[in-house]
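Chains as they are written, first to last, in numbering that gives the first Met the number 0: chain A, 0 to 489; chain B, 0 to 514.
If you are wondering where the hints come from, they were derived from the structure by calculation, not from laboratory data. All figures in this text were calculated on a predicted structure; none of them were measured in a lab. Wrong hints could be hidden among the right ones.
[Claimed, not checked] Here are the simulated BS3-like pairs of lysine-lysine, each with C-alpha atoms no more than 30 angstroms apart in a straight line:
(1) A:K156 / A:K145
(2) B:K109 / B:K167
(3) B:K373 / B:K167
(4) B:K109 / A:K192
(5) B:K113 / A:K443
(6) B:K113 / B:K167
(7) B:K373 / A:K443
[Claimed, not checked] Derived CB-CB ranges, DEER-like:
(8) A:R456 / B:A193: 49 to 55 angstroms
(9) B:T445 / A:L471: 54 to 60 angstroms
(10) A:V450 / B:E364: 55 to 61 angstroms
(11) A:I414 / B:G158: 37 to 43 angstroms
[What the hints assert, rightly or not] Output of the computed footprint for chain B on chain A, the stretches with three or more beta carbons under 8 angstroms from beta carbons of chain B:
(12) 67–78
(13) 409–420
Idealized CB from N, CA, C, for every residue including glycine.
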Amino acid sequence: MTWADISTIAPLAAAIIVAAVLIVTDIVLPGRRAPALVVAFLGLAVVAGLAIAVGRTPGTAFDGAYRVDDLTTYLDVLFVAVIALTLLFAPDYLAARDLPLPEFAAVLLFALSGVMLISASADLLVLFLGLELMVLPGYLLAGFAKRDALSTEGAIKYFLLGSFSSAIFLFGLAFVWGLTGTTRIDGVATALKAIAAGSTPLSPGLAMGLAFLTTGVAFKIAAVPFHYWTPDAYQGSPTPVTGYLSVVPKVGAFALILRLFVGALGPLSADWNIVIVLLAAATMTLGNLVALTQDSVKRMLAYSSIAHTGYMLIGLAAWSSPNSQIAGLEGLLFYGAAYAAMNLGAFAVVAAIQRRTGISSQLESFAGLGRRAPLLAALMTLFLLSLTGIPPTVGFFAKAYIILAAVQAGGPAGILAVIAVLNAAAAAFYYLRVVVYMFMREPKGEPAPIVIGRLMRTGLLVSAVLTVVLGLAPGLLLTLVGNAARALTL
Amino acid sequence: MNVADLPLLSLITFVPLIGAIVIAFLPRDQPGLIRAVALASALISFGLSLLLLIGFNPTNPAFQYQEVHDWIPAFGIQYKVGVDGLSTILVVLTTTLSWISILASFRPIKTSLKEYMISFLILEVGLVGVFISLDLFLFYIFWEVELVPMYLIIGIWGGANRIYATLKFVLYTLVGSLLMLVAILATAFTFQNATGSWVGAFDFITLRNFAVTSGFVGNLQLFAFLAFFLAFAIKVPMFPVHTWLPDAHTEAPTAGSVMLAAILLKLGAYGMIRFAVPLFPGAAHTFAPIIIVLSLIGIVYGAIVALVQPDWKRLIAYSSVTHMGFVTLGIFIFQEQGLQGAIVQMINHGLITGGLFLLVGVMYERTHDRTIAKFGGLAGRTPVYTAAFGFFVFASAGLPGLSGFVGEFLVLLGSFAFNPWVGAVTASCMIWAAAYLLYMFQQIFTGQLSDFLRGLGDHLTDISPIEMLTILPLAALIVAFGLFPGLILHLVQGSVTTVLSEVQAVSAIHLFFWQ
Chain A
0 MTWADISTIA
10 PLAAAIIVAA
20 VLIVTDIVLP
30 GRRAPALVVA
40 FLGLAVVAGL
50 AIAVGRTPGT
60 AFDGAYRVDD
70 LTTYLDVLFV
80 AVIALTLLFA
90 PDYLAARDLP
100 LPEFAAVLLF
110 ALSGVMLISA
120 SADLLVLFLG
130 LELMVLPGYL
140 LAGFAKRDAL
150 STEGAIKYFL
160 LGSFSSAIFL
170 FGLAFVWGLT
180 GTTRIDGVAT
190 ALKAIAAGST
200 PLSPGLAMGL
210 AFLTTGVAFK
220 IAAVPFHYWT
230 PDAYQGSPTP
240 VTGYLSVVPK
250 VGAFALILRL
260 FVGALGPLSA
270 DWNIVIVLLA
280 AATMTLGNLV
290 ALTQDSVKRM
300 LAYSSIAHTG
310 YMLIGLAAWS
320 SPNSQIAGLE
330 GLLFYGAAYA
340 AMNLGAFAVV
350 AAIQRRTGIS
360 SQLESFAGLG
370 RRAPLLAALM
380 TLFLLSLTGI
390 PPTVGFFAKA
400 YIILAAVQAG
410 GPAGILAVIA
420 VLNAAAAAFY
430 YLRVVVYMFM
440 REPKGEPAPI
450 VIGRLMRTGL
460 LVSAVLTVVL
470 GLAPGLLLTL
480 VGNAARALTL
Chain B
0 MNVADLPLLS
10 LITFVPLIGA
20 IVIAFLPRDQ
30 PGLIRAVALA
40 SALISFGLSL
50 LLLIGFNPTN
60 PAFQYQEVHD
70 WIPAFGIQYK
80 VGVDGLSTIL
90 VVLTTTLSWI
100 SILASFRPIK
110 TSLKEYMISF
120 LILEVGLVGV
130 FISLDLFLFY
140 IFWEVELVPM
150 YLIIGIWGGA
160 NRIYATLKFV
170 LYTLVGSLLM
180 LVAILATAFT
190 FQNATGSWVG
200 AFDFITLRNF
210 AVTSGFVGNL
220 QLFAFLAFFL
230 AFAIKVPMFP
240 VHTWLPDAHT
250 EAPTAGSVML
260 AAILLKLGAY
270 GMIRFAVPLF
280 PGAAHTFAPI
290 IIVLSLIGIV
300 YGAIVALVQP
310 DWKRLIAYSS
320 VTHMGFVTLG
330 IFIFQEQGLQ
340 GAIVQMINHG
350 LITGGLFLLV
360 GVMYERTHDR
370 TIAKFGGLAG
380 RTPVYTAAFG
390 FFVFASAGLP
400 GLSGFVGEFL
410 VLLGSFAFNP
420 WVGAVTASCM
430 IWAAAYLLYM
440 FQQIFTGQLS
450 DFLRGLGDHL
460 TDISPIEMLT
470 ILPLAALIVA
480 FGLFPGLILH
490 LVQGSVTTVL
500 SEVQAVSAIH
510 LFFWQ
């Protein structure tokens, strides 16, 4: 280990140190909100700053196991922003339920270090470490409301299926390692290139490895038919945690896919591409169809997040075609950021409505919201329109970009473009149903007034501004995702 | 500063948006102020559009008043707007009906006035934007922007069955328009593939020149034309994708019905003339026979179904299916009188059906019922209203001297020249139209005052001066265009010639299974 190694991992180290400081703060000043939030936000700012500073000089560390490039920087900053938004959305909700904020913040920071490790890994083992470090805090957070039976149930399901899928994934890694003789991502790619170029067919071992790896990540991103844990885990979790779970572990797993499937297994794309196409089609369609029948907004958003997984998979499917390699990756990365902004916002509105205990996330709770809380209703409408993909929101541009990539790719991915837009039209029904309740129905009885705290208001406005501005002026983000996508292809 | 230097088109489009933002910050308990701001911003936009009309040079076939700014340079997407004669007249129609509709909403809309006016002004932004966009991406954005306020207007302020109607409206439109998005992106990518650059890939003028000089490959043309056409056909609406229309028209509040009938339906016809036909002329030829048959079915079917409608608004809604059938027929016979007639018919249908919906709204305010069977003998009680309604009914039936006649006559001329059988079917429809309109008029206005109306007592007043103010401009234009159709024809001649010269120069692409 050299000083250069240490300076390269500085952002990651900072994230872990901030998490540790948060725990210490909680010991020194037990149960206090303000110090924990100050430490967390300052810490996140430092992490983001370091990530940008280190990202200026791409390079590797620890004998090539750790790699910083534009993709790393992009993902690091994205995840810091997501964690910061989650920290704005959660405090009021947690306080109303007597749940400790400092621990919550510390766990989030540990999860952040996990995704940062994924986005910087150049080695299969580091990748796996990052994956586990990312999902373990998720299990804790899902069961954060200890006295709530549903929360515990969701957490246990999430944990059991999560560890199961991690084991499958690790099994797949073992096959790849055994057949290529290396765990370095570029080494694996070189070895596989030889296999793909030669006339030898895919060995059964490698095919098994590919199958296990695909299954493992399909669990993590909640692709159909490996999605069964999602609705229960999402619905049982405290609502701000659900927002977090729907974004960080999912987009983090996509980061892993980029490093693993594009980086290491790219030479075999002819073999895995059709599986991705099928997964994408099934995930979009089933996610949307089941979401149509949900009466709980939280559960509806859970299924809708499955559908969005499907849209993002189109980007990966488009990558395999030489026409659209960069466009596919750019589309996927752009979609990840867009999805984060709008989905976090939508879950935050649900959390704001459920701030008082005992308010369900059923559609009925949204009745008359347009009159009771006009700002909240207007923002929810914005997020839902963005999720539907209606301009001028970021959700529209993201969808258009993914579809453009699919059209460029042609072939099976081109068919995905048509499936995607038909799905988007069907999805409009369930998203707009919430709007119907908010503006066109009156509540039964007189529901309790809704109070929006200062942190929550700030977070909502930030999400809303991002949703609109990135939709109207996507240029800056396009440059960033362009650099990130090229870093991966070089 | 010279008037000619103003970004006139952007001003017309975005003045209503500024009005909407101002209203968002006005206190809820000041309805008078909210109404005044809404009307003022619509009137400013209207005034500016008159400047546009005066300054427009009909002898120049190019797009005028162009504004070009780079927007997303990575894909050559621009904020590019400009107008030809067709766009100009549709912009003026939109701004005219917008202020009229806002004025007509003053009394009926009592709940959530603020949200209503905001929705209405944003609707105007989207509609004007569609007519002036010269970049396909920008066009698509305005096309979708208009959807949301209309969804809210029907869903919040509509009739009893409004939620069903509004969701149906949105879902129908979205299916079509999202497929069109795929087609837009595929077209742009094909262009990029052919020229090696994204510059101009979304620019309508560049793409049109590309379509004229090299032409898009057959498969893309067929697919993209179908996708564009489906989106536009749903909007027009053509048989058999018209079923959202009667529900949406019937459930929408009066001003919503007016905007739907007068402007939203024109979006589809405009899209066909502006985008679908010039960009994919070969495919347009391929599918024209099918489209002509569907138009004929729509013309006859709409008229027959209108005959048996029990609801006032529903009857007028089905008459729209008939009238818009003339428009699509006129477009797809690719023949000068036909296309002229289609455009004139678009404008007339906007004026006449807009006026009819306004008048139905006037009576609905007093009776809160639209069942035709409950009415009777209104002529004795409300003579001015009766005269006004009669005027619009005759205009709709195509009485010579009023503008409705001109459009239908031109389309008839064109279709007889195209094929006598097509002409014969179209002509038969004039009889149907007279039948359902006169039946409605007779039922409602002649004979003894019905028990239902008698029960209303003093509530049943004649049309008020403000209500007259909303329909008088429309009536004046109907007379003017009826006597001097050259006013419209002169303005749009450049657009007509351009489109026809492009489409007549090519022949149909063979479908692979027809070869």
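So which hints don't hold here, by number, going up?
-> Of the numbered hints, 4, 7, 10 and 12 do not hold.
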